[in-house]
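Chains as they are written, first to last, in my numbering: chain B, 1 to 291; chain E, 292 to 563; chain R, 564 to 819.
Mixed in with the good hints, there may be bad ones.
Derived coverage of chain R by chain B (criterion: at least 3 residues anywhere in the stretch with Cβ under 8 Å from a Cβ of chain B; other residues may be distant) [what the hints assert, rightly or not]:
{"no.": "1", "region": "687–696"}
{"no.": "2", "region": "782–791"}
Below, a sample of chain B positions facing chain E; criterion: calculated Cβ distance under 10 Å [to be verified]:
{"no.": "3", "residue": "92"}
{"no.": "4", "residue": "145"}
{"no.": "5", "residue": "174"}
{"no.": "6", "residue": "175"}
{"no.": "7", "residue": "178"}
{"no.": "8", "residue": "182"}
{"no.": "9", "residue": "186"}
{"no.": "10", "residue": "194"}
{"no.": "11", "residue": "230"}
{"no.": "12", "residue": "272"}
{"no.": "13", "residue": "274"}
Beyond 10 Å from chain B on every Cβ pair, some chain R residues (computed) [as the list claims (entries may be wrong)]:
{"no.": "14", "residue": "573"}
{"no.": "15", "residue": "596"}
{"no.": "16", "residue": "608"}
{"no.": "17", "residue": "623"}
{"no.": "18", "residue": "635"}
{"no.": "19", "residue": "713"}
{"no.": "20", "residue": "722"}
{"no.": "21", "residue": "769"}
{"no.": "22", "residue": "771"}
{"no.": "23", "residue": "773"}
{"no.": "24", "residue": "775"}
{"no.": "25", "residue": "796"}
{"no.": "26", "residue": "809"}
{"no.": "27", "residue": "815"}
No wet-lab data here; the hints were simulated from the structure.
Virtual Cβ for every residue (Gly too), placed ideally from N, Cα, C.
What follows is each chain in one-letter form.
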Amino acid sequence: MAVVEVDNLRYRYPRQTTLALDGISFTAEAGEFIGIVGPNLSGKSTLCHALIGLVPHFYKGAIGGRVVVAGLDVHATPVAEMSRRVGLVFQNPFTQITGAKLTVYEEVAFGLEYTGVPREEMVPRIEEALRLLGLWELRDRSPFALSGGQMQRLAIASVLAMKPQVLVLDEPTSQLDPSGTREVFEAVAALCRQGITVIMAEHKIELLAEHADRLLVLHQGRLVADGTPRDVLSRAVRGELENEPAPAPPVTEAAAALGWTMPEGGFPVTLDEAVAVGRAVMAGDSGADSR
Amino acid sequence: MSTVIEARNVHFHYTPGVPVLTDVTLSIGPGATAIIGQNGAGKSTFVRLLNGLLKPVSGTILVNGVDTRTQTVASLARTVGLVFQNPSDQLFKSRVIDEVMFGPLNLGFSRDEAEARAREALAQVGLQGVETRNPYDLGLAERKLVTIASVLAMGTSVIILDEPTIAQDHAGVRRLGAIVDELAAAGRTVITITHDMNFVARHFRRVVVFGQGRVLADGDAASVFSRPDILHQTGLEAPQITRLAQALALGETPLTVEQFVDLVRRRLSGSA
Amino acid sequence: MRVSLYVPADTWLHRLDPMTKLLMAAAGVALTFVLARIESGAVLWAIFFTVLGTGRVLRQAGSVFAGVGIIAATFLIVQGLVHPTNATPLIILGPVVFYKEGLLIGLRLALRLYNILSATLVLVLATNPADLTEALVRRGAPARLGYVIMSVLQIIPTMVAQSAAIADAQRSRGMETEGSLWVRVKAFLPLMGPLVTSSLIATEERALALEVRGFGSSARPTFLKPEVRPPHAGLVRIMCVLTLAAGVAGRLLLGW
Ligand SMILES: Nc1ncnc2c1ncn2[C@@H]1O[C@H](COP(=O)(O)OP(=O)(O)OP(=O)(O)O)[C@@H](O)[C@H]1O
Ligand SMILES: Nc1ncnc2c1ncn2[C@@H]1O[C@H](COP(=O)(O)OP(=O)(O)O)[C@@H](O)[C@H]1O
Ligand SMILES: [Mg+2]
Ligand SMILES: [Mg+2]
Numbered sequence: 001m002a003v004v005e006v007d008n009l010r011y012r013y014p015r016q017t018t019l020a021l022d023g024i025s026f027t028a029e030a031g032e033f034i035g036i037v038g039p040n041l042s043g044k045s046t047l048c049h050a051l052i053g054l055v056p057h058f059y060k061g062a063i064g065g066r067v068v069v070a071g072l073d074v075h076a077t078p079v080a081e082m083s084r085r086v087g088l089v090f091q092n093p094f095t096q097i098t099g100a101k102l103t104v105y106e107e108v109a110f111g112l113e114y115t116g117v118p119r120e121e122m123v124p125r126i127e128e129a130l131r132l133l134g135l136w137e138l139r140d141r142s143p144f145a146l147s148g149g150q151m152q153r154l155a156i157a158s159v160l161a162m163k164p165q166v167l168v169l170d171e172p173t174s175q176l177d178p179s180g181t182r183e184v185f186e187a188v189a190a191l192c193r194q195g196i197t198v199i200m201a202e203h204k205i206e207l208l209a210e211h212a213d214r215l216l217v218l219h220q221g222r223l224v225a226d227g228t229p230r231d232v233l234s235r236a237v238r239g240e241l242e243n244e245p246a247p248a249p250p251v252t253e254a255a256a257a258l259g260w261t262m263p264e265g266g267f268p269v270t271l272d273e274a275v276a277v278g279r280a281v282m283a284g285d286s287g288a289d290s291r
Numbered sequence: 292m293s294t295v296i297e298a299r300n301v302h303f304h305y306t307p308g309v310p311v312l313t314d315v316t317l318s319i320g321p322g323a324t325a326i327i328g329q330n331g332a333g334k335s336t337f338v339r340l341l342n343g344l345l346k347p348v349s350g351t352i353l354v355n356g357v358d359t360r361t362q363t364v365a366s367l368a369r370t371v372g373l374v375f376q377n378p379s380d381q382l383f384k385s386r387v388i389d390e391v392m393f394g395p396l397n398l399g400f401s402r403d404e405a406e407a408r409a410r411e412a413l414a415q416v417g418l419q420g421v422e423t424r425n426p427y428d429l430g431l432a433e434r435k436l437v438t439i440a441s442v443l444a445m446g447t448s449v450i451i452l453d454e455p456t457i458a459q460d461h462a463g464v465r466r467l468g469a470i471v472d473e474l475a476a477a478g479r480t481v482i483t484i485t486h487d488m489n490f491v492a493r494h495f496r497r498v499v500v501f502g503q504g505r506v507l508a509d510g511d512a513a514s515v516f517s518r519p520d521i522l523h524q525t526g527l528e529a530p531q532i533t534r535l536a537q538a539l540a541l542g543e544t545p546l547t548v549e550q551f552v553d554l555v556r557r558r559l560s561g562s563a
Numbered sequence: 564m565r566v567s568l569y570v571p572a573d574t575w576l577h578r579l580d581p582m583t584k585l586l587m588a589a590a591g592v593a594l595t596f597v598l599a600r601i602e603s604g605a606v607l608w609a610i611f612f613t614v615l616g617t618g619r620v621l622r623q624a625g626s627v628f629a630g631v632g633i634i635a636a637t638f639l640i641v642q643g644l645v646h647p648t649n650a651t652p653l654i655i656l657g658p659v660v661f662y663k664e665g666l667l668i669g670l671r672l673a674l675r676l677y678n679i680l681s682a683t684l685v686l687v688l689a690t691n692p693a694d695l696t697e698a699l700v701r702r703g704a705p706a707r708l709g710y711v712i713m714s715v716l717q718i719i720p721t722m723v724a725q726s727a728a729i730a731d732a733q734r735s736r737g738m739e740t741e742g743s744l745w746v747r748v749k750a751f752l753p754l755m756g757p758l759v760t761s762s763l764i765a766t767e768e769r770a771l772a773l774e775v776r777g778f779g780s781s782a783r784p785t786f787l788k789p790e791v792r793p794p795h796a797g798l799v800r801i802m803c804v805l806t807l808a809a810g811v812a813g814r815l816l817l818g819w
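Excised from the complex, chain B in its bound form (with noise of 0.2 Å):
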């Protein structure tokens, strides 16, 4: 059964007269890791924001269709119950942080506190969480007194120990070093491999491309494509979707302008999948056509 139904979701903030999104529908099921992507202002954030219910019930403005997330109308449900289903993990880690609290460690708990996890569980969750983005060691710090990365990090900590059913996270790694970054995206994976639903936004494609199992296309509030990464990147590479507003990884790139294609049709869009196709063209022993 569907976790996530966007069914021809239309949203116009206040004030504005283009839509922001403009007739979204999509479905994700338990387990399923969905990357968005799209260019600057395509509407990824505001997307990520309908998940939860802050467009429409705190930005306002003009909205049709219907959400569904975890069972819950999110057009008709607060946010803060939406939250107790649902984490967001914001675009902008320096303003996710509650200042209610004077330490990173009381600062994930936050959430669990506020959504009633009993003080037992608590403890175990906090400290994972921080262990998993690396941050148990800065656990007595004030979580203003971080770097810009130890920041986002702490943002994502802190969605993470809530355990939610849909983890939804708008561009999470930005500013994270390329080891932070992976280890996010495994952490996430992993998640999903328990049941959990994930929608991120990034513009790290070569990561989407590993470890989604969808890619969503936004171009201009629309949904311009919605398919597994290799048929996505594999068509943006061969300039299929209109105004490029998807890139395609270095490796995906490389092999297009090489000619290397995967045995089952398409490019490859990952590095393991790259070393496979060149290897066997490097040794000479493929049908690939190497021009």
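Keeping the supplied structure of chain B fixed, place chains E and R with the ligands upon it in accordance with the hints.
Just chains E and R with the ligands, lined up with the frame of chain B:
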């Protein structure tokens, strides 16, 4: 190479007992220099020392030979322009155009000149038609571009960009890359902190790796990216295309897709 | 950036539970209004001084007291000059005459101001705002009310942090903010507008951050830290009640 910025045995901490920078010695001259390294390595702290907002606990920072301790931040700003990592730390005017004109006005340009410079800088970063908007009504990506434009408009000889590609899409990153190239070609000193290794590989001649408050490596991009030991130790990785070449044992270190494709074609025709 | 005026430390005052400190503050404020004489106001202030001093927050309190000094001085000057009961000239500075009656009234007002301030500072400086909010929410106060209290406690520190950030942004782009007093005043004025705006934005963003973390949801909150009431809290509570009672009795019977 002439030296514009020089750090000599710089030590720094925010809280005594928790060192953030340890004995950093580095000189940087004109051209594009990237600073990379783990979260919390001390990169942003280092650049705040360069524009005088922070002063070393011990050691010295010289900008064009002058100790930053002897100058106010405002007077250093004539030489060093710094774009902060967090746009909210930098934006304080209620209209984009005023924000971008603020620096040039302080440098003594007339209103007309300042406005012309501001419009030019906004166009350079690809922001048009937002002049009268409030920066806080813009998305994070555009806000970041406003902060970059406000420093570009000042025309300082040293430009420091702290994670300029945050939240930028593909086209935005390309445009920023072009700006870096252009500034470097014009002989300006461009120092950029970033976690985007493709961006580093494409646009920076020199790469400095920070780790736990020290300089761990310093060299051209190809040499840094062919040191897996350093990269691993500091949580970094080479650009994806470089890693592909390494996995295929192609023997060279291509940094861009074009270089990789070219290399493969040479190898294939060589072996054919 | 700090977003709290709270000064962490480990003193008897810090170890007290927030409700006891709330009681202390409330008793203090009540007493300020109960007590009429200048001497009794001074005694009360002396008590607060001891409390703040042994709680090791006197230095921070001192800067607040100094900041409010202007208001206190205004009380003295205005009342000393123009209060209707003024009759006995006390200080004569050329054409300016300060009268004893007015000065005493001004002094009483100033003491009252300082006493209320001290009572609040016991809460603000020596109580973790999160703990205070938590203690109230535990007792069934709506989370929203907790939020309002928290925001109020954060207004000043947020403004301080924001103004430091803005000043850094301004000097990084060539505006002189260092140097003589005049330079700093000149730099401070244009800061006021942005300060209000950015504080409002920060508050709004914070509201969002709280909301998505379940703040204000219908779930019954649980708490990370168990509530501890230290052994000396009972004694302090009794002292507060006794002092208040003594104050009321003294006022009624002896005209304190
Ligand atoms: N205001 C502050 N007070 C105390 N410690 C701080 C403060 N700002 C940063 N730090 C600490 O100093 C260290 C270096 O921080 P800095 O911001 O320079 O890191 P960075 O290399 O820029 O990291 P990132 O890639 O995450 O932006 C970190 O351990 C951080 O927690
Ligand atoms: N708070 C807001 N008020 C008005 N318009 C907004 C607001 N936030 C976003 N928009 C507009 O909505 C559209 C989608 O923006 P956004 O969701 O932020 O895109 P993305 O996250 O893909 O960059 C853009 O046209 C943008 O200008
Ligand atoms: Mg966005
Ligand atoms: Mg930084």
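Of the hints given before, which are not true for this structure?
-> Hints 9, 10, 11, 19, 21, 22, 23 and 24 contradicted; others consistent.
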